[in-house]
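Enquirer: Sequence:
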Amino acid sequence: MRKVFHFINHNFLLCFGMLMLVLLLSFTFLGQYAPFINQGVEEIPFKMTDGKISVPPYEPSSEHLLGTDREGRDLLSLLAMGAKETLLIIVTITILRYLLAIPLAYLAHKNVFGANPLLKVLNGFFSYVPTIVMVILLAMLPPLLLTESRPYYLIVIIAAMEVGRAAETIKQELDECTRKEYILSGIAVGAGPVRLLKSYYLPFLYGKLLVSIISDLGKVMFLLGQLGFIGIFISQDIIQVEIGMFEIRNESISWPMLLMEATSDIRGPIWIPFWSAFAMTFTIFTFNILAQGIQNLEKKKASYLV
1 MRKVFHFINH
11 NFLLCFGMLM
21 LVLLLSFTFL
31 GQYAPFINQG
41 VEEIPFKMTD
51 GKISVPPYEP
61 SSEHLLGTDR
71 EGRDLLSLLA
81 MGAKETLLII
91 VTITILRYLL
101 AIPLAYLAHK
111 NVFGANPLLK
121 VLNGFFSYVP
131 TIVMVILLAM
141 LPPLLLTESR
151 PYYLIVIIAA
161 MEVGRAAETI
171 KQELDECTRK
181 EYILSGIAVG
191 AGPVRLLKSY
201 YLPFLYGKLL
211 VSIISDLGKV
221 MFLLGQLGFI
231 GIFISQDIIQ
241 VEIGMFEIRN
251 ESISWPMLLM
261 EATSDIRGPI
271 WIPFWSAFAM
281 TFTIFTFNIL
291 AQGIQNLEKK
301 KASYLV
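Take the sequence shown: its position 198, counting from 1, is numbered 198 in UniProt numbering, and each next residue is one higher.
Hints are computed from structural coordinates only; laboratory data are not their basis. Given the structure is predicted, the values throughout are model-derived calculations rather than measurements. Just to be clear, a hint being listed does not mean it is correct.
Keeping only pairs whose Cα atoms sit at most 30 Å apart, straight-line, the calculated DSSO-like set for lysine-lysine is [as the list claims (entries may be wrong)]:
1) K180 with K300
2) K110 with K198
3) K198 with K3
4) K180 with K110
5) K110 with K120
6) K3 with K301
7) K300 with K219
8) K52 with K120
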């Protein structure tokens, strides 16, 4: 028990981040089975109270702990049912980003196939143009608005926007690794590029890669929140509302979609943007604190080796 308290005391951020992650995953995968969660997330168009008709959104009460949205759907149920979709999106985007960034970083490190100039161009361009601006421009292109494959295209676009930054970070670590003796020994025994990457470079980078990936999970969550605030979603459909008139509607139950009317909700049913923003903020802090905790642990390990 003393060793446990000693570990917690010396790795408080890591333990606190792990606790937050356990809470987040419990809510994501077990929250929907709680007795007070409405899995169908059914709409309540009106209520009769003391002979009077009331329409949504309904304020927080014993019946709706966090209130409802404008369609009368229980907000706590929406958050619980949408958690899995939200995390799936941010994890998919982040993993895809690093699947692209790691090979690009290695090719740039070896300076083959023009990868190094390409990486410099990517970093130079996206350092002046905010990621959200590029995502908005591409997401609103008519071909992407009308295609049924929009979610896949948008996930690839969001992942690709930060590939240059991620690859540059990895390349710097690879450049530093090259001067290590065990890398030189691998080159001396005739290890090929693939074997060098797999058996020599990556084991050294696992900890730093993990920190970068977890940090990016929080960044992607923040970006999706920004997109939700201005009404751009991963999945949306074109709905005909009247003859010759169409409207873009979001059919997702992911957390960012609850922010699409935040500017008007702030002056009225403020609980709608508040609780959705709280869920996203908790997620962002979870990944940031966990990444910082792992980074501190890696620094301590490195200091012991030195």
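Enquirer: Could you run down the list of hints and mark each one as holding or not?
Expert: Verification of the supplied hints:
Of the pairs offered as hints, the one joining K180 and K300 holds, with about 19 Å between alpha carbons and a cut-off of 30 Å not exceeded. Taking the CA atoms of K110 and K198, the gap is near 15 Å; set against the 30 Å cutoff, the hint holds. Of the supplied pair hints, the one linking K198 and K3 is violated, its CA atoms being roughly 35 Å apart against a limit of 30 Å. Between K180 and K110 the alpha-carbon distance is near 16 Å, which keeps this suggested pair within the 30 Å criterion.
About 14 Å separates the Cα atoms of K110 and K120, which keeps this hinted pair within 30 Å; it holds. Proximity of K3 to K301 is assessed by CA-CA distance (about 17 Å); at most 30 Å being required, the pair is judged to hold. With a CA separation close to 26 Å, the supplied pair K300 and K219 stays within the 30 Å bound. About 65 Å separates the Cα atoms of K52 and K120, which puts this hinted pair outside 30 Å; it is violated.
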